[in-house]
Amino acid sequence: MVQKLEYLKESASQTAGPYVHIGCTPNGCGIAGVYPADLGAGMLAPQTKGERILVKGRIVDGSGTPLRDALVEIWQADAAGLYNGRGEKRGEADAGFPGWGRQPTDAATGEFRFETIKPGRVPFVDGRLMAPHITFWIVARGINIGLHTRMYFADEAQANAEDPVLLRIEHKVRLQTLIAPRSEEGGLPVYIFDIRLQGHNETIFFDI
Amino acid sequence: MSREGSFYQRDRSRHPPALTPDYKTSVLRSPRNALISLENTLSELTGPVFGHDIIGPLDNDLIRNYVHTGEPIGQRIIVYGRVLDESGRPVPDVLVEFWQANAGGRYRHKKETYLAPLDPNFGGCGRTITDADGAYRFRTIKPGAYPWPNRTNDWRPAHIHFSVFGHAFAQRLITQMYFEGDPMIWQCPIVATIPDRSAIEQLVAALDRNQTLHMDALAYKFDIVLRGRRSTLFENRLEGN
Numbered sequence: 001m002v003q004k005l006e007y008l009k010e011s012a013s014q015t016a017g018p019y020v021h022i023g024c025t026p027n028g029c030g031i032a033g034v035y036p037a038d039l040g041a042g043m044l045a046p047q048t049k050g051e052r053i054l055v056k057g058r059i060v061d062g063s064g065t066p067l068r069d070a071l072v073e074i075w076q077a078d079a080a081g082l083y084n085g086r087g088e089k090r091g092e093a094d095a096g097f098p099g100w101g102r103q104p105t106d107a108a109t110g111e112f113r114f115e116t117i118k119p120g121r122v123p124f125v126d127g128r129l130m131a132p133h134i135t136f137w138i139v140a141r142g143i144n145i146g147l148h149t150r151m152y153f154a155d156e157a158q159a160n161a162e163d164p165v166l167l168r169i170e171h172k173v174r175l176q177t178l179i180a181p182r183s184e185e186g187g188l189p190v191y192i193f194d195i196r197l198q199g200h201n202e203t204i205f206f207d208i
Numbered sequence: 209m210s211r212e213g214s215f216y217q218r219d220r221s222r223h224p225p226a227l228t229p230d231y232k233t234s235v236l237r238s239p240r241n242a243l244i245s246l247e248n249t250l251s252e253l254t255g256p257v258f259g260h261d262i263i264g265p266l267d268n269d270l271i272r273n274y275v276h277t278g279e280p281i282g283q284r285i286i287v288y289g290r291v292l293d294e295s296g297r298p299v300p301d302v303l304v305e306f307w308q309a310n311a312g313g314r315y316r317h318k319k320e321t322y323l324a325p326l327d328p329n330f331g332g333c334g335r336t337i338t339d340a341d342g343a344y345r346f347r348t349i350k351p352g353a354y355p356w357p358n359r360t361n362d363w364r365p366a367h368i369h370f371s372v373f374g375h376a377f378a379q380r381l382i383t384q385m386y387f388e389g390d391p392m393i394w395q396c397p398i399v400a401t402i403p404d405r406s407a408i409e410q411l412v413a414a415l416d417r418n419q420t421l422h423m424d425a426l427a428y429k430f431d432i433v434l435r436g437r438r439s440t441l442f443e444n445r446l447e448g449n
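Quick mapping for you: the protein sequence lines, in order, are chains F and D. Position 164 (the first sequence) corresponds to 164 in the working numbering; numbering is contiguous. Position in the second sequence (from 1) plus 208 gives the number in the working numbering.
The set of hints was computed from the structure by calculation and includes no laboratory data. A portion of the hints provided could be inaccurate.
Computed cross-link-like contacts, DMTMM-like style, restricted to lysine to aspartate or glutamate with a CA-CA straight-line distance of at most 20 Å [as the list claims (entries may be wrong)]:
| hint | chain 1 | residue 1 | chain 2 | residue 2 |
| --- | --- | --- | --- | --- |
| 1 | D | Lys319 | F | Glu88 |
| 2 | D | Lys429 | D | Asp301 |
| 3 | F | Lys4 | D | Glu294 |
| 4 | F | Lys9 | D | Asp404 |
| 5 | F | Lys9 | F | Asp207 |
| 6 | D | Lys318 | F | Asp38 |
| 7 | F | Lys9 | D | Asp362 |
| 8 | F | Lys9 | D | Asp341 |
| 9 | F | Lys89 | D | Glu212 |
Isolated chain F, as found in the complex (with noise of 0.2 Å):
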């Protein structure tokens, strides 16, 4: 025999189902009244420093058809870099950006759109500077566990081939899963990232 450990264990995860909406975004699946507006459906205000952008696109299953009925959360740094939230020692982050935002992908056509900033660049654990990226996490019905994936922006082709994380990966055809490439609509720059759960170009999911 030996001294116990005496740590507890985490809770096991359960899916989101597929009334994720009834508790995460009430006001949107038409349960009004209860909370004066779903939290994280707007990441923007006047003073919010950083570029306007919108980051769209779907979530398609192994059959590429796309979840209608999942939820998506966002977590970002602000236009210089900085997280607005717990963690953060390196400096104020902008007080006019949340840095986290939440959908549900559109009960018809399975889209999720987020109007937010692009992020500035966030150092690696070593120091090294990342691209710039956003940090995603998916839940829906059929996902046992949260999926955390990572969108990185076309347009930043050198930071992007300098990134700790994108140069760590060894299979580089998978690489493209994670790089959103820019358009424009309405005159709004327009970042499309498409998440495959399964099959040709699945995207990549990270255990963190």
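Take the given structure of chain F and dock chain D to it, following the hints.
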């Protein structure tokens, strides 16, 4: 001692794998490649903060937060517990959201097809923020069991969904709470996605007669454990611990 290092590696032997064929929807929604291990960077070590000021006075009272013609039908219960990390430390000031079916097992959602009636006075959502001890509490109606389209006769045991934020995005968790003594827990394909029996038992709330509200509500205790975090000792430097 500062706890600002990386998080303990997630013990995936206690979490459901992505592919669990008896839960049919997982078959086409499960990644097949190995997850890429990512050492925690600031993007995972930081997380959003929600202030207590976002919480309305009825947000943690599902019996009263959707009242239209009176109070909802069903067994009145208190659900309480603490959010802890794997070191046993409370996780204070974090947002906890919950949602559930009504007493008849019916969700207020347009995709819901179960014939049990909606309760005009039950919305089914609530939220709160943990206090300095990591404690939370809410009042609700015990949800009913309901059939769902998986195999032809699958039923979900009574359960409440929980969404929990920790102090960093790496701790983000969604799970479900079950009720002590329910035989249907052990017949459910979604529960059975969890490969470890003790991990399932950890999701079963205990009936607590000491916390009932007199002549009002039964009480169930449900503690939630988020990933633990290393001290910074030895990780980057020896000082500052």
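Against the structure, the hints come out as follows:
Under the criterion of a C-alpha separation no larger than 20 Å, the hint pairing Lys319(D) with Glu88(F) is inconsistent with the structure, at around 40 Å. With a CA separation close to 19 Å, the supplied pair Lys429(D) and Asp301(D) stays within the 20 Å bound. Pair hint Lys4(F) plus Glu294(D) holds up; C-alpha atoms about 14 Å apart against a cutoff of 20 Å. About 12 Å separates the Cα atoms of Lys9(F) and Asp404(D), which keeps this hinted pair within 20 Å; it holds.
Annotation: proposed proximity of Lys9(F) to Asp207(F) holds, straight-line Cα distance about 17 Å (limit 20 Å). For the hint linking Lys318(D) to Asp38(F), the alpha-carbon distance of about 18 Å falls within 20 Å, and the restraint holds. For the given pair, Lys9(F) sits about 29 Å from Asp362(D) by alpha-carbon distance, which is inconsistent with the 20 Å threshold. Restraint check for Lys9(F) and Asp341(D): the C-alpha separation of about 19 Å stays at or below 20 Å, so the hint holds.
In summary, the hint linking Lys89(F) to Glu212(D) is supported, as the alpha carbons are separated by about 10 Å, within the 20 Å threshold.
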